[in-house]
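Residue numbers (full-length UniProt numbering), protein chains in the order written: chain A, 1 to 324; chain B, 1 to 324; chain C, 1 to 324; chain D, 1 to 324.
For the record, the hints were derived by calculation from the structure and aren't laboratory data. Every residue, glycine too, gets a C-beta built ideally from N, C-alpha and C.
With a cut-off of at most 27 angstroms between alpha-carbon atoms, the simulated BS3-like pairs for lysine-lysine come out as follows:
hint : chain 1 : residue 1 : chain 2 : residue 2
1    : B       : K190      : C       : K132
2    : D       : K164      : A       : K190
3    : B       : K275      : C       : K80
A partial selection of chain B residues facing chain D, derived with a Cβ cut-off under 7 angstroms:
hint : residue
4    : K132
5    : Y133
6    : Y134
7    : K217
8    : D224
9    : H225
10   : S228
11   : I229
Protein chains: 4
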Amino acid sequence: MSDANIIRLHHVNINVTDLEKARHFYVEGLGMIETEADENNIYLRGLDDGNHHCLVLTKAERPSLNHIAYRVASDEDLDKLEKLFIEEGLPFRWLEKGEERGQGRAIRMQDPQGFPVEFFCEMDWAEPLIQKYYLHRGARVKRIDHANCLVRDIDLAYRWYMEKMGFMCSEYTVAGENGEYLWAAWLHRKPTVHDLALIRDAGPRYHHTGFWIDDAKTILDACDHLASIGYYANIERAPGRHGTSNAFFVYVRDPDGHRTELYTGDYFTNDPDWKPIRWHLNDPQRATFWGTLPPKSWREEAMPVQHIITGQLMEIRKPVGIKK
Amino acid sequence: MSDANIIRLHHVNINVTDLEKARHFYVEGLGMIETEADENNIYLRGLDDGNHHCLVLTKAERPSLNHIAYRVASDEDLDKLEKLFIEEGLPFRWLEKGEERGQGRAIRMQDPQGFPVEFFCEMDWAEPLIQKYYLHRGARVKRIDHANCLVRDIDLAYRWYMEKMGFMCSEYTVAGENGEYLWAAWLHRKPTVHDLALIRDAGPRYHHTGFWIDDAKTILDACDHLASIGYYANIERAPGRHGTSNAFFVYVRDPDGHRTELYTGDYFTNDPDWKPIRWHLNDPQRATFWGTLPPKSWREEAMPVQHIITGQLMEIRKPVGIKK
Amino acid sequence: MSDANIIRLHHVNINVTDLEKARHFYVEGLGMIETEADENNIYLRGLDDGNHHCLVLTKAERPSLNHIAYRVASDEDLDKLEKLFIEEGLPFRWLEKGEERGQGRAIRMQDPQGFPVEFFCEMDWAEPLIQKYYLHRGARVKRIDHANCLVRDIDLAYRWYMEKMGFMCSEYTVAGENGEYLWAAWLHRKPTVHDLALIRDAGPRYHHTGFWIDDAKTILDACDHLASIGYYANIERAPGRHGTSNAFFVYVRDPDGHRTELYTGDYFTNDPDWKPIRWHLNDPQRATFWGTLPPKSWREEAMPVQHIITGQLMEIRKPVGIKK
Amino acid sequence: MSDANIIRLHHVNINVTDLEKARHFYVEGLGMIETEADENNIYLRGLDDGNHHCLVLTKAERPSLNHIAYRVASDEDLDKLEKLFIEEGLPFRWLEKGEERGQGRAIRMQDPQGFPVEFFCEMDWAEPLIQKYYLHRGARVKRIDHANCLVRDIDLAYRWYMEKMGFMCSEYTVAGENGEYLWAAWLHRKPTVHDLALIRDAGPRYHHTGFWIDDAKTILDACDHLASIGYYANIERAPGRHGTSNAFFVYVRDPDGHRTELYTGDYFTNDPDWKPIRWHLNDPQRATFWGTLPPKSWREEAMPVQHIITGQLMEIRKPVGIKK
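The shape of chain A in the complex, shown without the other chains (with noise of 0.2 angstroms):
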């Protein structure tokens, strides 16, 4: 396992096919912070974030996961990890100080299931808006709290990330008639039930970022500000509780269709004795505590992801076989 000290989820990058849209989606409807754009960039932070960006909307041809980034504790885990990523047999590029605005130098990889990732430790400062009250506006997202990824082989990727990368797990569902196989986990690096969900399913595919906002009210509150301004077709999946991490959420989708998780209320994970909660995907309260289950669009739509070096999309698999 590699050393380094990865602090949490960071920061996702996403390709847009329209700026404007996206920026009104984000801006006006989210109520995220703009922190600088450039012609082909909008860089924005959530109202806790003390740094210049926790979502970056990227023009592009075609919607895509441009890549999801990790913090780490010092620069000099970046180090760690390119050795690890070496050993691995990974690809792997550098990236300089600001080739990603605001960002000192950055190793961005392809991790074992396709998906595009970055690892950087210093960002620019930027204000924290916490107390500004009176700019906090639609749905008044927090930061950022997870990103949700669908891979083909979910025992290998749960393995690279346990094993390799030093992640816990808070809680996984299991299939089959004995619940022998696994079918989904939920990993973390910081206390909280994840920092980065796996499922199994065609891959790779992004499903969605979890953003943090301060209580169920506030989630309600942000689907009325939504509908207001026109929105109201982009509210995928109704406001509910999960079983699985036991947040309050409701998913909601850009004009690209990227989804969004607007999440509350999970808990403290960190403890050394933490037994991660099981589901079996058949319980009924599972997706949802409250019985409903997601819309079809939720369980069958996700966005495709970028190769890190060539930028072509990654092929999307079949996933493996159950195992006996």
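Fit chains B, C and D to the supplied structure of chain A, relying on the hints for placement.
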């Protein structure tokens, strides 16, 4: 028009097949207070209620609506109503004081669409538990708010309640290319959005009873509570905001399928120049302001209603054709 | 008793010394909607309101209450009231349509305790913004709820409103060893806890206007917003639950010291057998159900009121002695 | 600095004079779960907790702080701490597994300011009740959050926790004309605002334990519940938002005067470039962002603390002079 002064929808009596199961749902689930019970009936009230009951559960062979009841301002109003029913040739009968437990004399009639409707003035006092917060459990139902009825001829039903019974209209829905047909109407005596909703459909069928909850967060807490004691499959329609009425809601069904709306958030409707709000049936924000559709069961299932004299279930007939 | 049908407290007109400062407080702070303004007045409404104003700010040399206004059900009710005022020998004057901008003809009188009170029926329509959630800002005031008046002779004031004006009493407070003296009363025409609160004190003085807010969380959000734009010292009495009325509240003061209550959570009061709730002045849960006392300024400070004809401020006199 | 990995503040043990009264307050009032009890102790946990206790009530002659306890990541961390305590010449003693019921071996020490502090790694598992919502009562305490300690020499205390124990600082308050004196500091190991607050005052005295509540509305519900079962006079400081920490709070006191903060709403503090937020003691929004002051009792009263070996109460001394 009768000048009887109808105060508000006051209670609903539903027929249930298993009193114990129903008690568990309404008392342990919804948190209603049991004022009294006898062999065949359970009398429940909300936390605000200063009277004997706002919901009666009556043991029966099959589930149906026994009757809904309006409270009038004075006992003489009942005589005025009798006069109207005689003039209109509608079936009715008098109930002696105590025939419905805790209630004074009452007049029960079949309305022109076939609904069993009771009027009364006096009811035994019962302690309001408004500030006994330690007794507030489950859904924390405060009081009854409205009844929702499926009627086969909404034009006639609308005229009856507006012209003969003195109801006012807060909102309505039209259908047809130019909105030329009435499809639904929200009618009130108390100055809220409604005491009675009428919807054009196969009828007479009873769709749901709405109970007032303090706020949206309490409705979410109710879902958590209901789901945690096994009623997750009873949460039929996920929490959301209605376009019509602007209320925040969730719909739950009891073990017999009787539907309850936990409802909060409407507005004052009694100004003399109130202009009813008009919706078109095709407006995507009408049913749910946030854009999602009710599930099939919510759109299609409803309860038969009882004849006030024979106790037989009223025949359910298709809605009358949209007239030119 | 006059049989004029008073619907509800409809608006309040206060005199302020600086229109711009007052506008900032009520529009940027409380989130009220400016319908119109002229050189000397700003006309504001709440988000639910379908009429021209529920609060008027009028420029004046010193702050005071200009008048409070009730809406009646029909124009003829105004003539009935005139008859009563003549019989009772109370000063009054008629206002032509438009003399108060947006309003039909009105009758303005000095009540027996010296308060300037207006009655009217017609007012210009204005768009309700109930579902334009993107315009909901600050305290998100929905509508006016009640007026709170300090009267020197509460026995007389109570009789006037109950016996002559047809108000009903929802709750009241008594003082004295055996509760033999009336100390305060909550009176209503609309079926909530009150349109008008009367409290025994040096008078006539105007204590506060209550505005309806959706729920307790929204009141907390209002505090955050107000504090963040510099009005932290204007939050006079911390959020809490009243014993009397059971409402959740916070009290804020505008730049001239006019007091606003952000208020939510009362109950239905219009059943024919409603029993007024009795509190004793010494009950530690009366003022705040949670036990804390209002600050000194809240207990001692209130606004003088204007004479309806001379515009002079009414003399403030000590309360009449507790009678045996 | 010790490189022992302290996870978080894990539990607090307070001495109470009447176990039954204390049980009623914490179980019936705050809704904590009783895991176990013996003749002299009651072991309580929050709804999220997967371990035996986060609060221990111990019978004693007079109320005081028995000890606070931090959990470490591994058993070896305890040996590292022992080494440090020896080097620093601080009094400590080992507890055998089970000496504190449900807990593995532990080391208990007197910190340089005189506070009794315990460190341990292992504790018996207990069922988390996160989704057993039907067991969520009263204040619905989820878990412990922080301890607030009054220290006579904050400079020394700050250096001990930052330099020797590896805490980080999220916010701090300075005093003096140019802010030249440290007055308070919020220190953390888990990535929230704090595990430990230090405030300059007569000490050592224990000010309060903070427990995490889901959201502000739940804190208001807690006040209603507490007030309704007779604890209205125990609500010492009304709900509000702290400037420092930005948390929403209410303070309640148990029958012995032990103070509990019901707390929600802080933010992530573990980014490597976090800049501690600086407040000046004179900032009117520091204590309450909304501008109101804490009551006198809150500012002046706090609990004595016990010596870890003798059990005697530590002498309380005036704070050291503001140094030049």
